[in-house]
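Enquirer: Residue numbers (our numbering): 27 to 218.
Hints were generated in silico from the structure; no laboratory data involved.
Certain hints may be false.
[To be verified] Okay, derived cross-link-like pairs now, DSSO-like style, lysine-lysine, Cα gap no bigger than 27 Å in a straight line:
{"no.": "1", "residue 1": "207", "residue 2": "57"}
{"no.": "2", "residue 1": "188", "residue 2": "56"}
{"no.": "3", "residue 1": "49", "residue 2": "188"}
{"no.": "4", "residue 1": "39", "residue 2": "56"}
{"no.": "5", "residue 1": "56", "residue 2": "42"}
{"no.": "6", "residue 1": "207", "residue 2": "188"}
{"no.": "7", "residue 1": "137", "residue 2": "68"}
{"no.": "8", "residue 1": "92", "residue 2": "207"}
{"no.": "9", "residue 1": "56", "residue 2": "89"}
{"no.": "10", "residue 1": "193", "residue 2": "89"}
{"no.": "11", "residue 1": "107", "residue 2": "73"}
{"no.": "12", "residue 1": "107", "residue 2": "68"}
{"no.": "13", "residue 1": "33", "residue 2": "107"}
{"no.": "14", "residue 1": "56", "residue 2": "38"}
{"no.": "15", "residue 1": "38", "residue 2": "137"}
{"no.": "16", "residue 1": "56", "residue 2": "92"}
{"no.": "17", "residue 1": "33", "residue 2": "137"}
{"no.": "18", "residue 1": "73", "residue 2": "92"}
{"no.": "19", "residue 1": "57", "residue 2": "68"}
{"no.": "20", "residue 1": "189", "residue 2": "43"}
{"no.": "21", "residue 1": "56", "residue 2": "107"}
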Amino acid sequence: MNLNITKQSIRKKFLKKRDRLNKNFSEELKKNFINNFLNHTKISSSKIVGGYYPIGSEIDCLKILKLSQEKGATTAIPYIKEDNIIEFRKWRNGDPLIEGMFNIPTPEEEKIVIPDIILVPLVVFDDTGTRIGFGSGIYDRSLPFFSDSKKIGLAFFDQLNKKRLPKEEFDYPLDAVITEKRVFIFDEEDEN
């Protein structure tokens with residue numbers, strides 16, 4: 027079977043699942059999720075955290091960015107350049123946003139930063155750190171430019187695919203995935 031068709035069918039199945047999971051994401055589960063994030067990442071004033079502006083049923087990381095700011099960290103969200111590569115621009119809760127590529131809100135601020143931690147949205151992941159996103163390849167093309175940054179996926183526990191996901195040479199693996207139930211670590215040196 028064609029790898030792209032396989033990925034598309036997995037993506038479609040897990041997008042529906044993620045939509046359902048998002049609707050049932052209780053306040054208690056949100057607290058568990060945030061506690062898992064804070065315990066795993068050890069955010070401090072020396073850190074730069076790159077998040078994303080959530081689309082649809084993606085895990086909303088804006089609260090995580092706000093909590094990171096409260097701990098003194100610098101925060102940023104992506105600006106998608108014309109070549110479909112991400113650069114992270116400094117952003118704090120309340121800073122103005124403008125409509126960017128794909129109608130995704132992006133910082134008006136033009137100060138580019140290199141995050142220590144990059145929070146990555148996803149549709150599905152497996153136990154090796156392979157992820158499938160929306161299918162545009164923007165993160166897979168961009169993450170290699172941030173080789174020293176920890177790449178942490180944000181997901182619901184039930185977005186874990188029990189079988190290995192199909193992987194292509196350009197698919198960029200995650201160092202960890204944080205869920206409301208547990209943290210999956212794929213990079214043995216991941217000690218944020």
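Enquirer: Indicate, hint by hint, whether the structure satisfies it.
Expert: Checked hints:
1. 207 with 57: 11 Å, holds
2. 188 with 56: Answer holds: residue 188 to residue 56 is near 23 Å, not above 27 Å.
3. 49 with 188: 22 Å, holds
4. 39 with 56: 23 Å, holds
5. 56 with 42: 20 Å, holds
6. 207 with 188: With a Cα-Cα distance of about 16 Å, the restraint between residue 207 and residue 188 holds, given a limit of 27 Å.
7. 137 with 68: 24 Å, holds
8. 92 with 207: Cα-Cα ~21 Å, so holds.
9. 56 with 89: 10 Å, holds
10. 193 with 89: 31 Å, violated
11. 107 with 73: Status holds; Cα separation ~24 Å.
12. 107 with 68: 30 Å, violated
13. 33 with 107: Distance of about 25 Å is within 27 Å: holds.
14. 56 with 38: Distance of about 25 Å is within 27 Å: holds.
15. 38 with 137: Roughly 36 Å between the alpha carbons, so the hint for residue 38 and residue 137 is violated.
16. 56 with 92: Given pair residue 56, residue 92 holds - Cα atoms ~14 Å apart, limit 27 Å.
17. 33 with 137: 35 Å, violated
18. 73 with 92: OK: residue 73 and residue 92 at ~13 Å, within 27 Å.
19. 57 with 68: 16 Å, holds
20. 189 with 43: 16 Å, holds
21. 56 with 107: 32 Å, violated
Hints 10, 12, 15, 17, 21 from the list above are not met by this structure, while the remaining hints are.
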